[in-house]
Amino acid sequence: MVKFVIQRLGYMVVTLLIIITITFFLMQLLPGTPFSNPEKLSDRQLEVMNAKYGLDKPLAIQYFTYLGNLIQGDLGVSFQSQGRTVNAMIGERIGPSALIGGQGVVIGLILGLILGVISALKHNTIFDYGAVFIAVLGMSIPSFVFAALMQYYIGVQWGLLPAALWKDYSYSIMPSLALSVLVIATVARFIRSEMLEVLGQDYVNTARAKGIKEVTVILRHVLRNALIPVVTVLGPLAVSIMTGTLVIEKIFAVPGLGEQFTLSILVNDYSVILGITLFYSALFIFVIFIVDILYGILDPRISIGGGKKDGTS
Amino acid sequence: MTDAILSVENLDVSFQSHNGLIRAVRGVNFDLKKGETLAIVGESGSGKSVTAKSIMQLLPKKTTVINNGSIVYEGEDLLTYNKKEIEKIRGSEISMVFQDPMTSLNPTMKIGKQVMEGIIKHQDVSKKEAITKAKELLELVGIPNAEDRMSSYPHEFSGGMRQRVVIAMALACDPKVLIADEPTTALDVTIQAQILDLMKDIQKKTGTSILIITHDLGVVVNMAQRIAVMYAGQIVETGTLEELFYESNHPYTWGLLQSMPKLHQDRSVPLIPISGSPPDVSQLHDGCPFAARCPYVMKVCHSHMPDQSKLSETHSVACWLQDERAPRVEKPDLGGETVDRTETS
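If you're matching them up, the sequences are chains A and B in order. Numbering-wise (UniProt numbering), the first sequence opens with residue 1 and increments by one. Numbering-wise (UniProt numbering), the second sequence opens with residue 1 and increments by one.
So that you can see chain A by itself, here it is in the shape it has in the complex (with noise of 0.2 Å):
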């Protein structure tokens, strides 16, 4: 276990190091400066504009530089941002996003989950047709359809919750309820094919033939073995909330991770656009490394990091 997951965080840094990589260089390929109005400044101005920021130096020595920062936990400071460093700016726009993304999933595995479990048990049935149509909705209208919908709706017409901008707690659950909105389907869908797999188990039946009360044998035997395999979409959920909010912060204005990216982007800030892709595949990654992880602590078929337990079948 200790050597997979050591061997595990190798990977993830020769990851990191690559998307590092990448972006860097790719980075260089979007039109235009760092600087605004560059037209308007002088060659000399632009000289000493390049030579604070260091691009005034050979592309592979800023990447080495930016890569030694980096060790040192530094993501180097804001072009546009008068001396603002990437880390502060990322730690002040974590709490939003985190807020919503968080309250996302929490909200879109309970209620996809209910919606799954439902729709399985009663299988064939009106609330099965309900449950399915909802989910196919759910995945297949983009997140900010449902968003603006709900603006309009829930923050305009029957103004029970703010429409936009960011100011108390009421402000976070809107754009929550409009990322939960993929995760719901999704697990529900997920669910409801895998417990009725489960369902069809001979075990379960074996469970019943042992006299247990019905509602045990799905809580402890169905629903159990149909959870494994959701565990594998956590990580894919886990980028569609991260992509999820670069939209929805921008829709509902919450000064979150994802609205500085887009706009970092937008004003060609090289530092923040980095930093932040750096910040969102770390993550990514760790979802994938619990991810892992937790599908071996759930089944114990799987032995993480080939383990003691030798299958005699």
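Because the hints were derived from the structure by calculation, they are not lab data. Predicted model only: the values in this text are computed from it and were never measured. Treat each hint with caution, since some may be false.
Ranges between beta-carbon positions, derived for each pair [as the list claims (entries may be wrong)]:
no.: 1; chain 1: A; residue 1: 127; chain 2: B; residue 2: 158; range: 37 to 45 Å
no.: 2; chain 1: B; residue 1: 74; chain 2: A; residue 2: 127; range: 36 to 44 Å
no.: 3; chain 1: A; residue 1: 7; chain 2: B; residue 2: 205; range: 50 to 58 Å
Each residue gets a CB set at the ideal place from its N, CA and C atoms; glycine is no exception.
Since the structure of chain A is provided, determine the placement of chain B on it from the hints.
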């Protein structure tokens, strides 16, 4: 019969499907006596498993229609029981062993816990006592290092060992009736013998009645005192082991016996299969369902189902050949020497 612990009377089970009603079991009658082993024999799709599962009420509720009949266990009709009452019977009074041990254990639950589940449900015992009981059960069914193996998962066992665990689970609360639905079909021949011996052994120790469902006549010879032959949802012949093997009177039973390999027979003599295949149970006509495959078929067979004729206290058969107007037919050579109980048991 007074000494019957379980009587199935006139059981009629159908399933709803897109193609209409499928009549899986059509008026089945049998008694299981205390301490005996009754085998239900038949081809795939003859309704044997459905019969077994309807006793435990394990059939899917939504699509199953039990039109008629009763399943009387110790004087009470199980079919009138509600969910809670049947849960009390399941696993404590009547237990079941399933066909495929590879899939009949929960893969994410430790063996010990799975065995203990039934004990905790039905018996008023502490957790510690349940652990001890589970360990004893695993020892009873011949699992070495039972104490250590309690915390193993099913995938750490071989097929034969898993079936032993399944049997241990079924025996957890000393059931009076053990239903074994093809308990050896998924196992190697050598393991089959071990499992059958184990079941016989347990029957000797506990006195439980066994209802064994199988399509393997070899298993029957090994285990059963009485046999019921099922075809297309009906029992066509019942009798003691000897009666069925030496004095059988139904052409279908003859067919089954002829298609079985015999130990003392010259290997150059080919086995005689029953030609054709079982009828589609969703499209049955009024006559004898075996008529289409029967070498002795008469006109009446196609239009009327024969009644059961009682040949002895224990032996009855449903065939028009028993009618006094029917021509006497010569029974085929069934190689009766197959029943050699001293050798197999």
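So, going through the hints one by one against the coordinates:
no. : hint                      : verdict
1   : A:127 / B:158: 37 to 45 Å : 42 Å, holds
2   : B:74 / A:127: 36 to 44 Å  : 39 Å, holds
3   : A:7 / B:205: 50 to 58 Å   : 53 Å, holds
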